[in-house]
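Protein chains in written order, with the working numbering: chain A, 2 to 125; chain B, 4 to 272.
Do not rely on the hints blindly, as some may be mistaken.
Computed cross-link-like contacts, EDC-like style, restricted to lysine to aspartate or glutamate with a CA-CA straight-line distance of at most 16 Å [claimed, not checked]:
#1 A:80 - A:51
#2 A:125 - B:8
#3 A:125 - B:150
#4 A:80 - A:66
#5 B:111 - B:8
#6 B:266 - B:150
Calculated Cβ distances over 12 Å to all of chain B for the following chain A residues [claimed, not checked]:
#7 40
#8 73
#9 108
Here are a few chain A residues that face chain B, going by a calculated C-beta distance under 8 Å [stated by the list, open to error]:
#10 30
#11 58
#12 117
Since the hints were made in silico from the structure, they are not lab data. For every residue, glycine included, the Cβ atom is placed at its ideal position computed from N, Cα and C.
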Amino acid sequence: MLGLDDCLAEVMAIPGALDAMVVDHTSGMAVAASGGEGIDVERSAAALSEALRHTTDGLAQTSPDGTIRLDEMLITTDKGHHLVRHLVTPFEGPLVLYVRLDRERANLALARYRLQAISGQLAK
Amino acid sequence: MPALDTLLAGLARERSTGALRVGRAGTIFMDAGRVTYMECVDTPRAEDVLIASGRVSAPALRRAQREGGGARLVEDGMVTKGELQHCVLGAVLDAAYFLLPVTGSRPKFRPGERHWLGSHWYFEVEEIVRECGRRRAQLAGIWPSAEVDTAPVAPVRRLPGHRVVLNDLQWEILVHADRATTPLELAMKLGRPGYSTLVAVRRLAAAGLLARPEGTAPPPLPRRLGRTEEPGPRPNLDAPTLPLGPVVTADPTDINLLIRLKKALEELS
Chain A
2 MLGLDDCLAE VMAIPGALDA MVVDHTSGMA VAASGGEGID VERSAAALSE ALRHTTDGLA
62 QTSPDGTIRL DEMLITTDKG HHLVRHLVTP FEGPLVLYVR LDRERANLAL ARYRLQAISG
122 QLAK
Chain B
4 MPALDTLLAG LARERSTGAL RVGRAGTIFM DAGRVTYMEC VDTPRAEDVL IASGRVSAPA
64 LRRAQREGGG ARLVEDGMVT KGELQHCVLG AVLDAAYFLL PVTGSRPKFR PGERHWLGSH
124 WYFEVEEIVR ECGRRRAQLA GIWPSAEVDT APVAPVRRLP GHRVVLNDLQ WEILVHADRA
184 TTPLELAMKL GRPGYSTLVA VRRLAAAGLL ARPEGTAPPP LPRRLGRTEE PGPRPNLDAP
244 TLPLGPVVTA DPTDINLLIR LKKALEELS
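Isolated chain A, as found in the complex (with noise of 0.2 Å):
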């Protein structure tokens, strides 16, 4: 069983991960992060919060019934791909969990099935 903070680990484990982190998306502060060169994680985690808030703002307006429930979310850039998965805990939240991917290495359809086991083993 994982932790909050020893999931990390599992996920920076997935190949082709460059930074990971837990976010609690309310509030959006960083509840763990793997660091990394350059990266300033409060401002990261509250910027996320902030992409998934519109992120769903807007897709709730995009979809027939108005309203939506957000699993998972994948952005490629030219740098890299973005995924991020929402962890529904029975207390507030949700909680985010975000790994970052070299554009090159990463296999997403191996990093997707392996933050879903990790996410499993993290919530009910």
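With chain A fixed as given, assemble chain B onto it according to the hints.
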């Protein structure tokens, strides 16, 4: 009397273990100089959240309180380790946000006293203080006036537009807002963290979905003659008796006007 965070910093330096009771406002538990748990009368405790989630029954909770603590809940398979950590983490930071500014009661430290949950997450004192500061700034960034934090939540009776997007907590707040209950009372009622509730309420305020609290009538913006409802922010330059802009007094509503202006200007940029 020193501020609570100064007192905590001292206890951290001495690597103390025990409980600091802050009058009736709450208690802070420390383990070798690090904070492991905090509770505040204004916010739901970890056990309230566990029960409200429906994952832990009241008898199971009592069993764990008698013996085994939080670890017992994990062993019995009711919550995972990560979930318990998240629950404690959330409860502590939520309590800290409202407990740390408390003044006026003489805190009492009882060495050796521990919380029944045990230690599941360790916080450095300065880390908590920094996070509280960040959260305060975040709230101010959403909507700069703190008066909605303590006033009863009163949704406007009519949408100021045609369509609105709400999140789950905002929805719950609007459904339960009876124009008499304050945000923190709603948080307790819903079993939601106090801080998340304040975030949701301020977002509602920023979206213009809350009526102004009583006693803080809209500031005297120049209005068209003959209109009685809340005026739009368009000055009527033809009105001869009114100076350009509102009359400046020491009235607190002037401050509110400034805050509204600041917000509007920020949105423009």
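Tested hints:
Taking the CA atoms of residue 80 of chain A and residue 51 of chain A, the gap is about 21 Å. The hint is violated against a cut of 16 Å. A threshold of 16 Å between alpha carbons decides the hint, and for residue 125 of chain A with residue 8 of chain B the separation of about 36 Å lies outside it, so the pair is violated. Between residue 125 of chain A and residue 150 of chain B, the direct Cα distance comes to roughly 39 Å. Violation of the 16 Å bound is thereby established for this hinted pair. At most 16 Å may separate the alpha-carbon atoms for a hinted pair to count; residue 80 of chain A and residue 66 of chain A exceed this at roughly 35 Å.
Pair hint residue 111 of chain B plus residue 8 of chain B holds up; C-alpha atoms about 14 Å apart against a cutoff of 16 Å. The hinted pair formed by residue 266 of chain B and residue 150 of chain B meets the criterion: a straight-line CA distance of about 15 Å does not exceed 16 Å. With a least beta-carbon separation of about 17 Å from chain B, residue 40 of chain A lies farther than 12 Å from that chain, consistent with its non-interface assignment. Residue placement check: residue 73 of chain A keeps its beta carbon more than 12 Å from all beta carbons of chain B (closest about 18 Å).
The beta carbon of residue 108 of chain A sits about 25 Å from the closest Cβ of chain B, which is more than 12 Å, so the claim that it is off the interface holds. The interface hint given for residue 30 of chain A holds, since its Cβ lies 6 Å from the closest Cβ of chain B, which is under the 8 Å cut-off. Interface restraint check: residue 58 of chain A against chain B, minimum CB-CB distance 5 Å, threshold 8 Å, status holds. Taken as an interface hint, residue 117 of chain A does not check out: its beta carbon lies about 15 Å from the nearest beta carbon of chain B, beyond 8 Å.
The earlier numbered hints that this structure contradicts are 1, 2, 3, 4 and 12.
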